[in-house]
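Chains A and B, in that order, give the protein sequences. Heads up, the final residue of the first sequence is numbered 270 in my numbering, and it's a clean run with no missing numbers. Heads up, the final residue of the second sequence is numbered 540 in my numbering, and it's a clean run with no missing numbers.
No lab work stands behind these hints: they were computed from the structure. Note that the structure is predicted; figures quoted are calculated from it, not measured. Misleading hints may appear alongside valid ones.
SDA-like, lysine to any residue: derived pairs with alpha carbons at most 25 Å apart [said to hold, decoys possible]: (1) K28(A) with G369(B); (2) K426(B) with K28(A); (3) K426(B) with V196(A).
Quick partial rundown of chain B residues pointing at chain A, CB under 10 Å, derived from the structure [stated by the list, open to error]: (4) D323; (5) D367; (6) L383.
Positions of the beta carbon are idealized from the N, C-alpha and C atoms, including for glycine.
2 protein chains.
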Amino acid sequence: MSFKEKLHQATNRNNSLVCVGLDTDPAKLPACVQDKDNPVLYFNQQIIDATADLVCCYKPNFAFYGALGAHGFTTLQQTMAHVPDPIPVLVDAKVGDIGNTAEQYARKFFDVLGADALTVTPYMGTDAVTPFTAYQDCTTFLVCLTSNPGADDFEKQPMGDRPLYEHVIAKAHEWNTDDNIGLVIGGTQPEHFASVRALAPDMPFLIPGIGAQGGDIETAVKNGQDEQGAGILLNSSRGILYASSGEDFAEAARTATLELRDAINEHRNV
Amino acid sequence: MSFKEKLHQATNRNNSLVCVGLDTDPAKLPACVQDKDNPVLYFNQQIIDATADLVCCYKPNFAFYGALGAHGFTTLQQTMAHVPDPIPVLVDAKVGDIGNTAEQYARKFFDVLGADALTVTPYMGTDAVTPFTAYQDCTTFLVCLTSNPGADDFEKQPMGDRPLYEHVIAKAHEWNTDDNIGLVIGGTQPEHFASVRALAPDMPFLIPGIGAQGGDIETAVKNGQDEQGAGILLNSSRGILYASSGEDFAEAARTATLELRDAINEHRNV
């Protein structure tokens, strides 16, 4: 099943636009999981079990697994195997390379890991993107307008008559012949959601920065959703994973997810 | 020892500006290594043994190891452990992420893998770069002007009075307080070497695209070298790794490296 179809099914079944970011940091795990054979895997499995009926997607950030070495890659594979159908998995790796190197990355994330979607950095242009979009059933989310202060350095700088990130959107349309491109739009940029949605009415947006980074949920949902009241994946990582550092961490994660889901749904046009 | 010091020593000892790209593709290995326990590792060790007195750096591209899963990470660690001092290892991963995620990547590549230098994509701005430059002894090579056709899409587009990649160079100077930033400048962009060197007289340039991608060695060296006749790492991967598909693959790699080294040295101001 394609990413889009999985996302559609999971969104409807769970009535949710919440994406849980599995950015699991071994240093931040509750004491009660530290004695498990693989604390990160056990923790992830508990989080998934507690939230799988409340989310539309899971998003592991590859950096957190890569930092653990070879063992991390296996842990990520095992985590992804634990996600029940039809919930899709979007791997956040922000890769950006060309030609046969990009093909290697696409193979790694889509074939070896089995990701349904991937984040890709578009700086190097067409031949850094098309090796990923060639996987028609997978969705490639282009890093477009991010939620960090550094977005001012290049992304928002004017390039001719519009900022660089709008050029990325224009190129995204050119590359979107298989209708499998999405955009990463930072949650702390709410003033831009309406204009970005107008430029890309049908593309899914991955919106990080809700929660720990302090994005404005109401504005993001009202201005970011598509005509069907969907098309946005609102990601929260730390706010859910570390909602409690006690033995109730999974219950607390569930409560935090439920609250976020409902806060989002208040503003959906459905 | 810092990357810069290692590079300086290796360049002088081996009288070389050649960087060998260890982009080892299991599908392209000679038949004679296929029966080894770990064909990629064995092949890399043979290549390193045959070229270590002729190069200034090795550059494994992380994609080729990531595509092999957990086993690939271990293979890369073992490959890097085989590189003799003082030759530095530059890991080409083109990572680009922010805050605590960037810190995870920095930890992965500099601490866990032990890379001396790393390629980083600057699209997301300051907070996507400074977590890497905080490792003072390591050098961060910013993806700046690349050798692929897609460089026309964004990198070379005018942003105000100069192209985007020149803004990256201007920011690189701001971020270079510890004198540990380099630039990735594609070897198929020889007409730009003189202007980029004028803008960054003292930064090392990683120049991919020599060899398989057909860059012009003479122009790259004449216009790219710094005042000491160094400051450029001319990378060749496929032209060296796959110089022969027979049992003489390592000898052929040595011959190809020697020829490239001497072709480069013809044009150095030393």
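Flag every earlier hint the structure violates by its number, smallest first. Violated hints (numbers, rising): 2 and 4; every other hint is consistent with the structure.
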